[in-house]
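Q: Residue numbers for the sequence shown follow my numbering, so the first one is 8 and each next one is one higher.
One thing to keep in mind: the hints can contain errors.
[Said to hold, decoys possible] Using 20 Å as the maximum straight-line C-alpha spacing, the simulated SDA-like pairs for lysine to any residue come out as follows: (1) K146 / L205; (2) K97 / F117; (3) K97 / D108; (4) K146 / Y202.
[Stated by the list, open to error] Label pairs and their calculated CB-CB ranges: (5) L58 / T115: 39 to 45 Å; (6) F175 / L126: 24 to 30 Å; (7) K61 / Y128: 35 to 41 Å; (8) S123 / L163: 17 to 23 Å; (9) I211 / W172: 47 to 53 Å; (10) H196 / V167: 31 to 37 Å.
For the record, the hints were derived by calculation from the structure and aren't laboratory data.
Computed from a predicted model, the values in this text were never measured in an experiment.
Virtual Cβ for every residue (Gly too), placed ideally from N, Cα, C.
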Amino acid sequence: MHFSFQISTVNYPNRLLLHDSEPLSSLSPFYILSSHFEQEQTKEMPHSSLLSRKRDLFYFTHFAIALPIVFLVDLQAIYPPWMVPEMLQKVKNYYIETYHDRFFVNPTPFFRFFISIELLYQVPVMIWGLRALYYNSPKIPLVLLPLALVTFLTTLTCMVEYAFWPQFSGREKVNLTSLYAPYLLISVHMGIDMYLRLNKLINITNLQRKKAE
Numbered sequence: 008m009h010f011s012f013q014i015s016t017v018n019y020p021n022r023l024l025l026h027d028s029e030p031l032s033s034l035s036p037f038y039i040l041s042s043h044f045e046q047e048q049t050k051e052m053p054h055s056s057l058l059s060r061k062r063d064l065f066y067f068t069h070f071a072i073a074l075p076i077v078f079l080v081d082l083q084a085i086y087p088p089w090m091v092p093e094m095l096q097k098v099k100n101y102y103i104e105t106y107h108d109r110f111f112v113n114p115t116p117f118f119r120f121f122i123s124i125e126l127l128y129q130v131p132v133m134i135w136g137l138r139a140l141y142y143n144s145p146k147i148p149l150v151l152l153p154l155a156l157v158t159f160l161t162t163l164t165c166m167v168e169y170a171f172w173p174q175f176s177g178r179e180k181v182n183l184t185s186l187y188a189p190y191l192l193i194s195v196h197m198g199i200d201m202y203l204r205l206n207k208l209i210n211i212t213n214l215q216r217k218k219a220e
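Take the sequences, apply the hints, and build the full model.
A: Encoded structure:
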């Protein structure tokens, strides 16, 4: 027996149509989600204005600000000295003098590893995220949920580490926390948001599948 029905999802107005010629196996949630993602990914125009999607606009702004900081400051922990121009060195020195961040004075192996993750994984995802957020890609929660988890874990690890630095005053910890805490909070918010988006889409898909059975 074959079925023909339509699935409408919240926030994604385009509908996925399963024709009579398709087998019953095409009703699986994985098939429906995969086909829906593939169809939506081909769209060239945004489904709705970025300005009307406040949370996505916030993430877009965050990525747009974070990316230059990564290249100007963070990656200096792994840059070869000959790659760092005098201007960037001055930026790093100002940062160290202001926040007393020892990770950038003598980078530890685990911190260098975190920065490498930032370069090889987080930077490409944030660059992808700028376009995806603008065009309201349905793959946003699928891609940004792991990013939020990685950012949360690496940031929290650094915060726990500097909390036990010797001869690091409470005032210095508060000052450095004022820089790290926003990244931690944003990653928590993003992680919860993306999980709820995925959960909502899966629930809708399962509901439509049950109705079709």
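Q: Next step is simple, just say for each hint if it's right about the structure.
A: Hint-by-hint comparison with the structure:
Between K146 and L205 the alpha-carbon distance is near 9 Å, which keeps this suggested pair within the 20 Å criterion. Distance hint between K97 and F117 is unfulfilled; the C-alpha atoms sit about 25 Å from each other, more than 20 Å. Of the pairs offered as hints, the one joining K97 and D108 holds, with about 15 Å between alpha carbons and a cut-off of 20 Å not exceeded. Restraint check: the Cα-Cα separation between K146 and Y202 comes to about 12 Å, which is no more than 20 Å; the hinted pair holds.
Distance hint check for L58 and T115: the Cβ-Cβ separation is about 42 Å, which falls inside the suggested range of 39 to 45 Å. Roughly 27 Å separates the CB atoms of F175 and L126, a value that falls within the hinted 24 to 30 Å. Distance hint for K61 and Y128: a CB-CB separation of about 27 Å, inconsistent with the stated range 35 to 41 Å. At roughly 18 Å, the beta carbons of S123 and L163 sit within the given window of 17 to 23 Å.
Distance hint for I211 and W172: a CB-CB separation of about 48 Å, consistent with the stated range 47 to 53 Å. Under the hint 31 to 37 Å, the C-beta atoms of H196 and V167, about 20 Å apart, miss the expected range.
Violation of the numbered hints given earlier is confined to hints 2, 7, 10; the remaining hints are satisfied by the structure.
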